[in-house]
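Colleague: Spelled out, the chains give:
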Amino acid sequence: MKWLPLILYFFIISSAFALECPEGKYYVNEHFRTDYYRTDGTYVSKADVSEYCKNYRNDGPLKIKFWEKIPKGWPFKNEIFKKCTPLEQKNIKNISYSLPKILTYVGKIKILCAKKSDAEDNPATSSPEGKIIVFYDSAFKMDIKRVLAHELAHFLYNSLSDNEKKLYWKTAKWNSKNSKKIPQTDRVIFSAPDGRFNPEEDFANNVEQFLIEPQKMKNDFFEISKYLELLLGTKK
Amino acid sequence: MKILLMIFFILFFISCSSPCSIKLDTRTPSFCFEVLENFLTKAPNKESILKLFSKPRAIFKDEKNPKEESWIYDHPIKGYQEWAFEFNENGETISTSYHPSGDSFPEFSLLNIEKRWANFKCEHKIKQILMPGLIKHIRYLTCANEKRYVEYNKYKEVWSITVEK
Numbered sequence: 001m002k003w004l005p006l007i008l009y010f011f012i013i014s015s016a017f018a019l020e021c022p023e024g025k026y027y028v029n030e031h032f033r034t035d036y037y038r039t040d041g042t043y044v045s046k047a048d049v050s051e052y053c054k055n056y057r058n059d060g061p062l063k064i065k066f067w068e069k070i071p072k073g074w075p076f077k078n079e080i081f082k083k084c085t086p087l088e089q090k091n092i093k094n095i096s097y098s099l100p101k102i103l104t105y106v107g108k109i110k111i112l113c114a115k116k117s118d119a120e121d122n123p124a125t126s127s128p129e130g131k132i133i134v135f136y137d138s139a140f141k142m143d144i145k146r147v148l149a150h151e152l153a154h155f156l157y158n159s160l161s162d163n164e165k166k167l168y169w170k171t172a173k174w175n176s177k178n179s180k181k182i183p184q185t186d187r188v189i190f191s192a193p194d195g196r197f198n199p200e201e202d203f204a205n206n207v208e209q210f211l212i213e214p215q216k217m218k219n220d221f222f223e224i225s226k227y228l229e230l231l232l233g234t235k236k
Numbered sequence: 001m002k003i004l005l006m007i008f009f010i011l012f013f014i015s016c017s018s019p020c021s022i023k024l025d026t027r028t029p030s031f032c033f034e035v036l037e038n039f040l041t042k043a044p045n046k047e048s049i050l051k052l053f054s055k056p057r058a059i060f061k062d063e064k065n066p067k068e069e070s071w072i073y074d075h076p077i078k079g080y081q082e083w084a085f086e087f088n089e090n091g092e093t094i095s096t097s098y099h100p101s102g103d104s105f106p107e108f109s110l111l112n113i114e115k116r117w118a119n120f121k122c123e124h125k126i127k128q129i130l131m132p133g134l135i136k137h138i139r140y141l142t143c144a145n146e147k148r149y150v151e152y153n154k155y156k157e158v159w160s161i162t163v164e165k
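Top line first, the protein sequences correspond to chains A and B. Residue numbers are given in the numbering used here: position 220 of the first sequence equals residue 220, and the series is strictly consecutive. Residue numbers are given in the numbering used here: position 12 of the second sequence equals residue 12, and the series is strictly consecutive.
Careful, some of the hints might be misleading.
Which residues of chain A face chain B? A partial, calculated answer using Cβ under 7 Å [stated by the list, open to error]:
# : residue
1 : P75
2 : N78
3 : T125
4 : E129
5 : H154
6 : D162
7 : T171
8 : N175
9 : N178
Hints in this document: simulated from the structure, not taken from any laboratory. What you are looking at is a predicted structure, and each value in this text was computed from that prediction instead of being measured. The C-beta atom is built at its ideal place from N, Cα and C for all residues, glycine as well.
If we strip away everything but chain A, and leave its shape as in the complex, we get (with noise of 0.2 Å):
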């Protein structure tokens, strides 16, 4: 009788935190998996799946796959695509090695070249659900590792965690008024202008000035840099 309370203070404990996750894993619902079959051809059966916890961003190593036709759904329909020149393709790839290994870490994506872009100035144009990076000949005119770090931090900021994103709008200082509304940033300056619209393009715009500008990031936005050493894993 007198371990009842202690009983009964381990049943609420462990019912209370038995669906939690460690630290860098998210939880799965139990559910039921229909059969299907993996790109490599492999049969995987229909079953009962248990509730568990995955890793987040568990797509693997970046692979290329350079593409011509316009992508299936592509919004923009004015803009013309064309194949990435064999040189164009080195350059792309061999600069996504020396970026970090968190904004690598995206699975397979597809990457098109195209002439011009719909919107203003816009050397390029991600869409992180599509894991597709559109390269405008603009593009190569620029530093082509600085328009590609900033697309794979758009993928990024996609694949943040819950928590991960809540530190960073702590950090750079963004609020949501609602949900369906643009979100708001005490904020005045910011490292590229157009950060101050939304914290997506704010995040990428810092990622792009953090690996390329470390010093200049550093001095103008301690706390953000600070960040972004832990997430990208660049602290030495």
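Assemble chain B onto chain A, guided by the hints.
Modeller: Showing chain B alone in chain A's frame:
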């Protein structure tokens, strides 16, 4: 036995304190849901929110209509934004948003919210947003004709819960 009982009650109260940051002693997930679901009618103005939450960390004026504003409150320990209240030009609350912190799981899990709001005709949707240089997708659960809105990420972690009047 008395010591055991004391330890039990101390541990019990620690374990039952929730991440919901409100001045009241009722810091429970159910109170957070109470604020989300019923606050727009029970505490429909700035004064009543001030009484419960005290002063906001930040106030944002609406760019188009400066008489409309939003109040932002942070998590008392972690410092992340936790609550937001939007007011119209008459000072009436028009929306309440809550950003659950990771440790509040499972009360604010997507599955739990979906079950809780089962009667509000909920639907999972993905919205495409076009920005210069970016095609963004937002995953959300929308209920009660978009009056209840839960945004979540690709891991199905709930980013925010918003209820509009």
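Colleague: Would the hint on A/T171 stand, with a C-beta cut-off of 7 Å toward chain B?
Modeller: 10 Å, violated
Colleague: A/H154 was flagged as interface toward chain B. Is the shortest Cβ-Cβ separation under 7 Å?
Modeller: 6 Å, holds
Colleague: Holds or violated: is there a CB of chain B closer than 7 Å to the CB of A/E129?
Modeller: Cβ of A/E129 sits 4 Å from chain B, so the hint holds.
Colleague: Would you check whether A/D162 satisfies its interface hint, that is, whether its CB is within less than 7 Å of any CB in chain B?
Modeller: Constraint on A/D162 satisfied, holds at 4 Å.
Colleague: With 7 Å as the cut and Cβ atoms as the points, is A/N175 at the interface with chain B?
Modeller: It holds, given that the least Cβ distance between A/N175 and chain B is near 5 Å, below 7 Å.
Colleague: Against chain B, run the beta carbon of A/P75 and see if the smallest gap drops under 7 Å.
Modeller: The hint holds - A/P75 has a Cβ within 7 Å of chain B, the shortest such distance being about 6 Å.
Colleague: Holds or violated: is there a CB of chain B closer than 7 Å to the CB of A/N178?
Modeller: 5 Å, holds
Colleague: Given a cut of 7 Å on the nearest C-beta pair, is the interface hint for A/T125 held or broken against chain B?
Modeller: Holds, because the Cβ-Cβ distance from A/T125 to chain B comes to roughly 5 Å (cut-off 7 Å).
Colleague: Grab the minimum C-beta distance from A/N78 to chain B and call the hint holds if it beats 7 Å, violated otherwise.
Modeller: 13 Å, violated
Hint compliance for this structure: hints 2 and 7 are broken, all remaining hints hold.
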